[in-house]
Amino acid sequence: DSGVTQTPKHLITATGQRVTLRCSPRSGDLSVYWYQQSLDQGLQFLIQYYNGEERAKGNILERFSAQQFPDLHSELNLSSLELGDSALYFCASSREGLNQPQHFGDGTRLSIL
Amino acid sequence: GENVEQHPSTLSVQEGDSAVIKCTYSDSASNYFPWYKQELGKRPQLIIDIRSNVGEKKDQRIAVTLNKTAKHFSLHITETQPEDSAVYFCAVKAAGNKLTFGGGTRVLVKP
Numbered sequence: 132d133s134g135v136t137q138t139p140k141h142l143i144t145a146t147g148q149r150v151t152l153r154c155s156p157r158s159g160d161l162s163v164y165w166y167q168q169s170l171d172q173g174l175q176f177l178i179q180y181y182n183g184e185e186r187a188k189g190n191i192l193e194r195f196s197a198q199q200f201p202d203l204h205s206e207l208n209l210s211s212l213e214l215g216d217s218a219l220y221f222c223a224s225s226r227e228g229l230n231q232p233q234h235f236g237d238g239t240r241l242s243i244l
Numbered sequence: 010g011e012n013v014e015q016h017p018s019t020l021s022v023q024e025g026d027s028a029v030i031k032c033t034y035s036d037s038a039s040n041y042f043p044w045y046k047q048e049l050g051k052r053p054q055l056i057i058d059i060r061s062n063v064g065e066k067k068d069q070r071i072a073v074t075l076n077k078t079a080k081h082f083s084l085h086i087t088e089t090q091p092e093d094s095a096v097y098f099c100a101v102k103a104a105g106n107k108l109t110f111g112g113g114t115r116v117l118v119k120p
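Chain order of the listed sequences is A and B. First residue of the first sequence: 132, per the numbering used here; consecutive thereafter. First residue of the second sequence: 10, per the numbering used here; consecutive thereafter.
Isolated chain B (complex conformation) (with noise of 0.2 Å):
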C-alpha cells in the first residue's frame, strides 16, 4: 500500500519566517495531494490541495509544491503568524479515494 513520510516531526520558526513541510510517498499512481491544519483538540481543516497535473499552487501564504518524478510534495508558509502554530498533515490519495496520511508536523510559531 502506500507509504507516506513526513519532515520534519517538529518545527519552531520565529515569527515571520517561512515554515516548510515536505512528504515524500511512494505509490506513482497517487494523484491528489492535500494538507490538513489541525489545532489542539480540534477537527482537520484543508488548507490547500494539488492535482498531479500541477506543480504548483499558491493561496496568499500557503503555497504547495509537486515533484512527481521524485514523489515529493511540501507545504511553504511565508510571512508565519502565531496563529500558524498546529499541526500540519500532508495525504496522498491513489487509486480509489483512500486518503493515507503522513505522521504529521508539529510547528511553533514563536512570537
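Okay, chain A solo, but in the shape it has when bound (with noise of 0.2 Å):
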C-alpha cells in the first residue's frame, strides 16, 4: 500500500460525458502528480499540483483540468470525453524538496463506451 487513495477504481461512462477522478496523497505529501497510462502511449505526464498552486504541466488536453484542495486532495476533471480518453489515470505524491520520489496510487480505470 503506498498510501496513496484514488476514487473511483473502475469508472465506464459514454462519449461526451464528464467525469471526476479523486486523488489523496500520502500523509505529509504536498505534491501531487497526475499522469495518464493507455496501451500505445505508456505514462505520460499531466500536471503536477503543490500545496494548492499548479507547478507544472505536461501533455493535457484542454478537455481536461485538475485542482488540488486546502486539504491537499485532487481531482482530476475529464469533460466531452472521447473513446481516446480510455486509459488508466494515476495519481502520485511526494514529499516537498529536491528529487523526492513520486509514489503512485492503484489508478482508475476509465472506459469510454
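Think of the hints as simulated: they come from the structure by calculation, not from any bench. Be aware that a few hints might be false.
Unchecked claim - Listed next, with one range per pair, are the computed distances between beta-carbon atoms:
1) A:S169 x B:L55: 48 to 58 Å
2) B:E92 x A:R240: 17 to 27 Å
3) A:L214 x B:R70: 33 to 43 Å
4) A:D132 x B:L49: 14 to 24 Å
5) A:A145 x B:S21: 38 to 48 Å
6) B:D68 x A:L214: 37 to 47 Å
7) B:T19 x A:S169: 42 to 52 Å
8) B:G64 x A:R240: 36 to 46 Å
9) A:R149 x B:V29: 37 to 47 Å
10) B:S27 x A:Q148: 23 to 33 Å
11) A:L214 x B:A79: 39 to 49 Å
12) A:R153 x B:G50: 15 to 25 Å
13) B:G25 x A:L229: 15 to 25 Å
All C-beta atoms, glycine included, are put in the ideal place defined by N, C-alpha and C.
Assembling the complex is the task here: the two chains are given apart, and the hints tell you how they should meet.
Encoded structure:
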C-alpha cells in the first residue's frame, strides 16, 4: 500500500460525458501528480500541483482540468469524453524537496463506450 | 522537451540469469533517475532511484548505473526469479518535478 488513495477504481461512461477522478496523497506529501497510461502511449505526465497551486503542466488536453484543495486532495476533471480517453489514470504524490520519490496510487480505469 | 528511450522492449531470461535494461535521455540537465516496476493491472512501484551525483547504487539483487557523460543509465537485476516478471519503466527528471518515462520493458523470467 503506497498510501496514495484514488477513487473510483473503475469508471464506465459514454462519449461526450464528464467525469471526476479523485486522489488523496500520502500523509505529509504536498505535491500531487496526474499521469495517463494507455496501451500505445505509455505513462504520460499530465499535471502537477503543489500545496494547492499548479506547478507543472505536461500533455494535458484542454478538455481536462485539475485542482488541489486546501486538504491537499486533488481532482482530475475530464469532459467531452472521447473513445481515445479510455486509459488508466494514476495519481502520485511526493514530499517537499528536490528529487523526492513519487509514489503512485492504484489508479482509476476509465472506459469510454 | 526531454526524450527517454528504453531498450529492449521485451526481455526473456532464464531463472537465475541476469537482466539488464538500458535507458538514454536527451536533456543534460536531468538530475534524478527512478526505476518503476509495474505488475499487470497494478500501480507502478518505485524499486530504486539514483541522483546525478552518484554513479552506481545497489539494493540487494537490483542495481542502477548512471553515465552522465553518455546520458544513459541502466537497471541490472541479478539472480532473477519468477516474481521479477513485470514491466519495468525508467524515468528522468530535469528542471521542475516532471517525470518523463521510457516506453517500458516487459521482462519474463522463465522457470
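Taking the hints in turn, this is what the structure says about them:
1. A:S169 x B:L55: 48 to 58 Å: Taking Cβ atoms as reference, S169 of chain A and L55 of chain B lie about 21 Å apart, which means the hint is violated.
2. B:E92 x A:R240: 17 to 27 Å: 24 Å, holds
3. A:L214 x B:R70: 33 to 43 Å: 42 Å, holds
4. A:D132 x B:L49: 14 to 24 Å: 18 Å, holds
5. A:A145 x B:S21: 38 to 48 Å: 40 Å, holds
6. B:D68 x A:L214: 37 to 47 Å: 41 Å, holds
7. B:T19 x A:S169: 42 to 52 Å: 19 Å, violated
8. B:G64 x A:R240: 36 to 46 Å: Since the Cβ atoms of G64 of chain B and R240 of chain A sit about 39 Å apart, the hinted range of 36 to 46 Å holds.
9. A:R149 x B:V29: 37 to 47 Å: Given range 37 to 47 Å: holds, Cβ gap about 45 Å.
10. B:S27 x A:Q148: 23 to 33 Å: At 48 Å between Cβs, range violated.
11. A:L214 x B:A79: 39 to 49 Å: 41 Å, holds
12. A:R153 x B:G50: 15 to 25 Å: This hint holds: roughly 20 Å between Cβ atoms.
13. B:G25 x A:L229: 15 to 25 Å: Roughly 38 Å apart at Cβ, these two residues miss the hinted range, so it is violated.
Violation of the numbered hints given earlier is confined to hints 1, 7, 10, 13; the remaining hints are satisfied by the structure.
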